[in-house]
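Student: Heads up: the protein sequence lines correspond to chains A and B, in order. The first sequence begins at 1 in our numbering and counts up one residue at a time. The second sequence begins at 1 in our numbering and counts up one residue at a time.
Just so you know, the hints here were simulated from the structure itself, not pulled from any lab data. Glycine is no exception: its CB is placed at the ideal position from the N, C-alpha and C atoms. Be careful, since some hints might not be right.
So the derived list for chain A, only partly shown, Cβ under 7 Å to chain B, looks like this [claimed, not checked]:
| hint | residue |
| --- | --- |
| 1 | 41 |
| 2 | 87 |
| 3 | 89 |
| 4 | 92 |
| 5 | 166 |
| 6 | 268 |
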Amino acid sequence: MFSYAFKRLLSTIPVLWIAVTLAFFVLRLAPGGPFDGERPLPPAILKNLAAHYNLDKPLVEQYLIYVGNVLQGDLGPSFVNEDFSVTEQLMIGVPYTFTVASLAIVLAVIIGVAAGSIGAIYQNKLPDYMIGFVILTGLVLPNFLVAPILQLVFGVKLGWLPVAGWGNGALRNLVLPVIVLTLPHAARISRLMRGSIIEVMNANYIRTARAKGIGPRLTVMRHAIKPALMPVVSYLGPAASYLLTGSLVVETVFGLPGIGKYFITAALNRDYGMVLGTVIFYMVLIIILNLLVDVAYAFLDPKVRTR
Amino acid sequence: MNQILKSTFAAGALALLLAGSASAVTLNMHNGGDPTSLDPHKLSGDWENRIAGDIFEGLVTEDAGANPVPGQAESWTVSDDKTVYTFKLRDGISWSDGKPVTASDFLFAFQRLFDPKNAAEYAYLQFTIKNAAAINEGKITDMAQLGVKAIDDKTLEITLEQPSPYFIGALTHYTGYPLPKHVIDAKGADWVKIENIVTNGAYKPTEWVPGSHVLAVKNDKYYGAAGVKIDAVKFVTLEDNAAALKQYRAGEFDILTDFPKDQYQWIQENLPGQAHVVPFAGLYYYVINSTKPPFDNANVRKALSMAVNREVIGPQILGTGELPAYSWVPPGMSGYGDPVMVDWKDLSYGDKVAEAKKLLAEAGITPEKPLKAQLRYNTNDNHKRIAVAIASMWKPLGIDIELYNTETKVHYDEMQRGLLEIGRAGWLADYNDADNFLSLLKTGIEHNYGKWSNADFDKLIEDGNKEQDQAKRAELFHKAEKIALDNTAAIPIYYYLSENIVSPKIKGFQDNAFDIHRTRWLEKTE
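Kindly generate the complete structure, drawing on both the sequences and the hints.
Tutor: In structure tokens:
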């Protein structure tokens, strides 16, 4: 298992290198630079800035300097947020995003699996239809709509929860952003779960279990859920990496200092250091999560384990 | 997680600290973007100015109405030829760590500002100081030649290149703040980290979470501390205006520095008296590439300008009632009097369009033989609305506009490289002087995107800046402005408005044309 994981990790190094190289050069092809803005700077000052950030050196030399620094674990300076290096900014933002995202993932799995299982047990009966309706609503409403509505209802009208802000991580501040993040994923997971359980319920070993006299609810709980989780797990890999890299909308609307907006704002600001830093961070995160999904597969499905 | 714990702890400790004092008052301000830095030499935005101006103070500072008043300097004298200023520092001024603020802190800050190694973006704002530009461009490497001298601990002498009536105003700008030499010597570039930084303003920063907020608490070492009524200011980063307004309604903000324009009417009806929408020293305008035919023809430019129905843009297209601009210099600039207006200002819109049609017909442009032109703007809803409206005003004249938008960085990069026919631009005053706007049209400067050039205009501006007498100077500038307008150097569209929402709890908030409201003049009642 460990040698398998290790090999998987090694094979990702060239992928990472290609991504960084591509990002580095493609970014420079984009017109405009970090110091273009509403107020043009005198040429002498632009020259000073370029020299300060090594931008006056040939592109290949800049690339070599950058890769050299990354190999030493230094993601370099941010061109826009000068008091914090790229690494420092990521270190500051990650705990916020991870707190909100991991709560959302856990919640989405619990709600999704429960709702999906209930839907499967009561297939085509009233509970199934009701859950289906709620889920469809969660799926079709985009988060940029749900978030302001929740703010308006629970923050402004009812005054139960803060409209936005981190509030030092108080639970009341987390409720709304976590709900907004959870909804679409809980909805998708429950659809996957429902379909998957229905499929598993047709398998021979379930029929055997039923033939032994186990009731439908117990059959589902004891024999169907674990194998039925496979599609959910494969969905969780990408979903988790999506959530853990932060959500631009949720972080902007709720004023959370997470990393979701870094990538977008850095690209718009031509903050070369920050864009490359986030690319590397996202890649590493996605690689790790995919690895975890593979391990989870092996745990859930004996067929994968013995192969 | 560590970071959260740390900030939780810090905030908890602060809460205890504040709870300890009789009645701790925190001003919660929606500040828009994240500051680039707390280092005054690295700033460029108004949201950064709001923080910097609360935690630092220059020789001269702003009063509640944003007028220059003595700050760290108690008084100053000017030589007869108006080029040498001698500042006497106030007694009892000190940094937040208790060390006194001396003339050498100012000397050090100016030297650092102009040192090319530090690459300060805004250094050019103080280029009126003798040899500052040459040092910044690397032509002079001997810092001793800079026109700033610390005569003794309490006396600072600044020599200018030439008399400059706006120099005192420019000293209120963050490029004129002193820096704590003793801390920078000890910590180097890390001096600005929150745990190291010391400041000399009414507040000192104690917490900065990027993407969330900067917290500044009252600086007891500040000479005016006794008059400072608000104990702490929380400058909150939040780019979503609509969310900010909801937070304001829930009482989570005391001041919003911006709001969604499309909700202005709702705000007026439901939060009466809380929206402060006042003219701001800024101009929204279109530049025309005057080196490219047919736009090199002044009559074509004039026709384009005349056909813009400015009266509908503020009230109807933007909805906040921006005032139509018929002059190049916005009204209210110090010592300038009323700006010059275009001579066709008072014609009815129908007459303007008729005249514009005539001028274009003379240049061979008619609806039958239309001119195709590109109008570029940086991607933004309001810019788009205005561009669409103006394109439709030009359409009946025989101008077929292709709209072209790019993100801000690309827009200005391409405009500077002269890749435009007609392009959107805006300018906010750096200091209270007409020169700040007129200079935008001088030959050969980066901001003159349309490359309009007029020798008489350049000469008048140059003469005006050498003129000692304020009235004569204004007269020269008025002449220059008239030349620019008669030749339609560019198309002024509207004067900016500052748009704040201020809770009735806040007292002492004075509307002004610079939108500068230092917290030390404010008061918050529960």
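Student: Look at each hint and say if it fits the structure.
Tutor: Going down the list of hints, with the structure as the test:
1. At a threshold of 7 Å, the smallest CB-CB gap from residue 41 of chain A to chain B is about 6 Å, leaving the interface hint in force.
2. Checking residue 87 of chain A against chain B: minimum C-beta separation of about 13 Å lies over 7 Å; hint violated.
3. Taken as an interface hint, residue 89 of chain A checks out: its beta carbon lies about 6 Å from the nearest beta carbon of chain B, inside 7 Å.
4. Because the closest C-beta pair between residue 92 of chain A and chain B is about 6 Å apart, less than 7 Å, the hint holds.
5. Interface restraint check for residue 166 of chain A: the shortest CB-CB distance to chain B comes to about 6 Å, inside 7 Å, so the restraint holds.
6. At a threshold of 7 Å, the smallest CB-CB gap from residue 268 of chain A to chain B is about 6 Å, leaving the interface hint in force.
Checked against the numbered hints above, the structure violates only hint 2.
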